[in-house]
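Visitor: Spelled out, the chains give:
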Amino acid sequence: MTGFQTLFYKEVLRFWKVATQTITAPIVTAMLYLLIFGHVLEAHVQVYPGVRYTAFLIPGLVMMSVLQNAFANTSSSLIQSKITGNLVFVLLPPLSHWDLFGAYVLAAVVRGLTVGAGVFIVTAWFAKLTFVAPVWILVFSVLGAAMLATMGLIAGIWAEKFDQLAAFQNFLIMPATFLSGVFYSIHSLPPFWQAVSHINPFFYMIDGFRYGFFGQSDVNPLLSFAIVAVFFAIIARLAIHLLKSGYKLRH
Amino acid sequence: MQQSVAFCVKSQATMAAIQITNVEKSYKSLRALGGVSLSIEEGEFFGLLGPNGAGKTTLISIIAGLSRPDSGSVAIHGYDVARDYREARKRLGVVPQELVFDPFFSVRETLRMQSGYFGLKNNDQWIDEVMHHLDLTNKADANMRSLSGGMKRRVLVAQALVHKPPVIVLDEPTAGVDVELRQTLWKFVSRLNREGHTVVLTTHYLEEAQALCNRIAMLKAGKVVALDSTAALIKRISGSQLIVRLAQGKLPDVLKPLVLHVDELAGGNEFALRVSDYAEIEPILVKLREAGAVIEDMQLQQADLEDVFIQIMEGEK
Numbered sequence: 527m528t529g530f531q532t533l534f535y536k537e538v539l540r541f542w543k544v545a546t547q548t549i550t551a552p553i554v555t556a557m558l559y560l561l562i563f564g565h566v567l568e569a570h571v572q573v574y575p576g577v578r579y580t581a582f583l584i585p586g587l588v589m590m591s592v593l594q595n596a597f598a599n600t601s602s603s604l605i606q607s608k609i610t611g612n613l614v615f616v617l618l619p620p621l622s623h624w625d626l627f628g629a630y631v632l633a634a635v636v637r638g639l640t641v642g643a644g645v646f647i648v649t650a651w652f653a654k655l656t657f658v659a660p661v662w663i664l665v666f667s668v669l670g671a672a673m674l675a676t677m678g679l680i681a682g683i684w685a686e687k688f689d690q691l692a693a694f695q696n697f698l699i700m701p702a703t704f705l706s707g708v709f710y711s712i713h714s715l716p717p718f719w720q721a722v723s724h725i726n727p728f729f730y731m732i733d734g735f736r737y738g739f740f741g742q743s744d745v746n747p748l749l750s751f752a753i754v755a756v757f758f759a760i761i762a763r764l765a766i767h768l769l770k771s772g773y774k775l776r777h
Numbered sequence: 183m184q185q186s187v188a189f190c191v192k193s194q195a196t197m198a199a200i201q202i203t204n205v206e207k208s209y210k211s212l213r214a215l216g217g218v219s220l221s222i223e224e225g226e227f228f229g230l231l232g233p234n235g236a237g238k239t240t241l242i243s244i245i246a247g248l249s250r251p252d253s254g255s256v257a258i259h260g261y262d263v264a265r266d267y268r269e270a271r272k273r274l275g276v277v278p279q280e281l282v283f284d285p286f287f288s289v290r291e292t293l294r295m296q297s298g299y300f301g302l303k304n305n306d307q308w309i310d311e312v313m314h315h316l317d318l319t320n321k322a323d324a325n326m327r328s329l330s331g332g333m334k335r336r337v338l339v340a341q342a343l344v345h346k347p348p349v350i351v352l353d354e355p356t357a358g359v360d361v362e363l364r365q366t367l368w369k370f371v372s373r374l375n376r377e378g379h380t381v382v383l384t385t386h387y388l389e390e391a392q393a394l395c396n397r398i399a400m401l402k403a404g405k406v407v408a409l410d411s412t413a414a415l416i417k418r419i420s421g422s423q424l425i426v427r428l429a430q431g432k433l434p435d436v437l438k439p440l441v442l443h444v445d446e447l448a449g450g451n452e453f454a455l456r457v458s459d460y461a462e463i464e465p466i467l468v469k470l471r472e473a474g475a476v477i478e479d480m481q482l483q484q485a486d487l488e489d490v491f492i493q494i495m496e497g498e499k
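In the order they appear, the protein sequences are chains A and B. Sequential numbering from 527 applies to the first sequence in my numbering. Sequential numbering from 183 applies to the second sequence in my numbering.
The hints are all genuine.
Label pairs and their computed distance ranges (CB to CB):
#: 1; chain 1: A; residue 1: I725; chain 2: B; residue 2: T319; range: 53 to 63 Å
#: 2; chain 1: A; residue 1: K543; chain 2: B; residue 2: E311; range: 22 to 32 Å
#: 3; chain 1: A; residue 1: F704; chain 2: B; residue 2: Y267; range: 41 to 51 Å
#: 4; chain 1: A; residue 1: A643; chain 2: B; residue 2: T319; range: 34 to 44 Å
#: 5; chain 1: A; residue 1: P716; chain 2: B; residue 2: A324; range: 55 to 65 Å
#: 6; chain 1: A; residue 1: F697; chain 2: B; residue 2: N396; range: 50 to 60 Å
#: 7; chain 1: B; residue 1: N320; chain 2: A; residue 2: I725; range: 54 to 64 Å
#: 8; chain 1: B; residue 1: Q365; chain 2: A; residue 2: F697; range: 47 to 57 Å
#: 9; chain 1: A; residue 1: K687; chain 2: B; residue 2: A403; range: 25 to 35 Å
Just so you know, these hints were derived from the structure itself, not from any lab. Everything numeric in this text was worked out from a predicted model, so none of it was measured. Think of the CB as a built atom: it goes at the ideal place given N, C-alpha and C, for glycine as much as any other residue.
The shape of chain B in the complex, shown without the other chains:
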């Protein structure tokens, strides 16, 4: 008894928005998650990145209670998602990756229904506000079947927000949607984050993650391979990249150690070279000229999250 009281006090004091402790999950012979531990603090905009099959969706399913871990635990605001599932789920809003909908109902019916599942009465004011922010108001009475993919995606987001959850998890919410929705969505989600909601995001658009997330975890083959603030992750790659596309000739051997990436789509003639200082550019150009190479196009790029992502993922091969 003494012990459990002490544990409660401790868990209150160190309560994270999402506490993931040593979660393991396998599907038959496939090890989807191999001991993931993460602590996402209240008010964070947290990015969960990784290639397809890295285990992001499995982890989100476990957070949401849609999957059960083989071992380990997840708590939302201190409430275990299996043991205290009612309290945990009240605090969590999840936008699933799959574009799912109930064909029997209109947008408003869908949102009222979802609201009711959380035991909320008279929630129309908030439902109207969510629909307004997601540009759904003029589709309120349209049947879900008649909506375009982008509109269905907006409804999924709205459904996740009907109960004003303090923790919002978005699993690739912008996959295959147009620029307008992305902007509408990020404006709204950023506002919610500023108001104190914790947001967890998975996306393949790394520029989105870079712009929005204050902290990022990278997952590969079911393990966390990087976990840091977005700024610190980008700092890991010092300097910039000089992108040169050659019209004629080949890259001289002496420059090959600087190559970060060869763009195969450009026929193998476009190279990203590491430069840590502007002063390094001139010698590179000299060496290219000496080797008889003719430059077709050239640009200098600052390092971004994508470079870090590629470097970390390749480094983990």
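Isolated chain A (complex conformation):
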């Protein structure tokens, strides 16, 4: 195996060995969201004509799980390795910044998609779903997972303690996820919050992903794709630059 393949394999094995916490738990959480929000709002909300609220909610929950778990994988792996000191095992071998970036991000994408698939399997029974454009489903889930994995990588590199990582997660990732239209269409928001949502890249990921199911969305999926791709390119460049410069890793 090459160094890149080994690191990828190790990162997958790392979350797989604690699958109860890294896979089962987020699936159960998403299921609870569906049961509670679905039950309370089913009779009151209809976002797209002909689409029940529970059906509308499922792709949002799937994508939210994909994003949150992709972020959690890279960020927790890095911060744990930094704090326990075993990051040296990765820093001593001849792994390039590309190897590190590729392996960490790809493993996090695998976790994000695994959890997403799990959430989909357990929630799909609750509503009749359609798959109008499955390619968009795949494109947005992979790209979204890669983007959050990269953000997790940056957070993990930057944070020096769990507290700082928690701040990143609770004050940036969580609000951006919740304000992205997981539970509603942004058209139902007041104009100000609609405008705010439009500068949130998470909104485009979820909107585009949902388009793949229903063929309906707030924004054209091509535009969403372009925005997400550009945003990913920018943060990937930043992450690679940090890895190359050794910022907070090689003192």
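Given the coordinates of chain A, work out where chain B should sit on it, guided by the hints.
Guide: Same frame as chain A, but now just chain B:
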């Protein structure tokens, strides 16, 4: 272009296992390394000694690419650790000082993983051999968390050796470990050295350094204060020491110029006196008797690395 070719030829011809050139490193206001230059030749067993905070670990971190120097450069077998980091790191095995491990994996998984990071396939035979030499075989499938400190240390050593690096750096590998591991470790590392591996060692056990290292550099406050063969360093202290512990009386003033060291732990009654000849012992005893001092214990010690270390470190105050 001409210049770079000439440089390559030159660097090949004079290639050291580790070439450290004028390395400087500061952490905020603390100057950890103040222009260190060292050339460690292939096949050497090299000791890097110095008190805590002398800069040994900082220097090793820079050699390993874990830290970046403010200025200066380090090359492993001619490969710059920053510019040609892939080639440099392939040739280097480092045992870090901190007892670190990955709690998710077993010993064998840890070693296979480390081997894979270096791009090695089918390395199980060598992994088994390393585990055998470090007495790890019966712990191969144990989770890292379940191992004792000494066992974790052995795994760290094994991890540094999975890719058979020609240059091995051990940063205080025997700190806080039992005699058995020390002996196992030194037997194995000495064998690797005999087979041609270059070994760089930092330790606070000076008798280990004396027994193992053919050459030693002493570091103090980020500078090399001594660099010589172990034998030449010990020769710097001529003669021996007469250790006398007094039961009664005081050391007479006339003997005070001979005092090398007063053992405060022995209540200030134990003195190490410099003697260059056996003939000097009798007059010392006479002077003690004349001063009314009663000797409780006495022994003659040959000078060793510890004496040299103390002398050099005190001389640099």
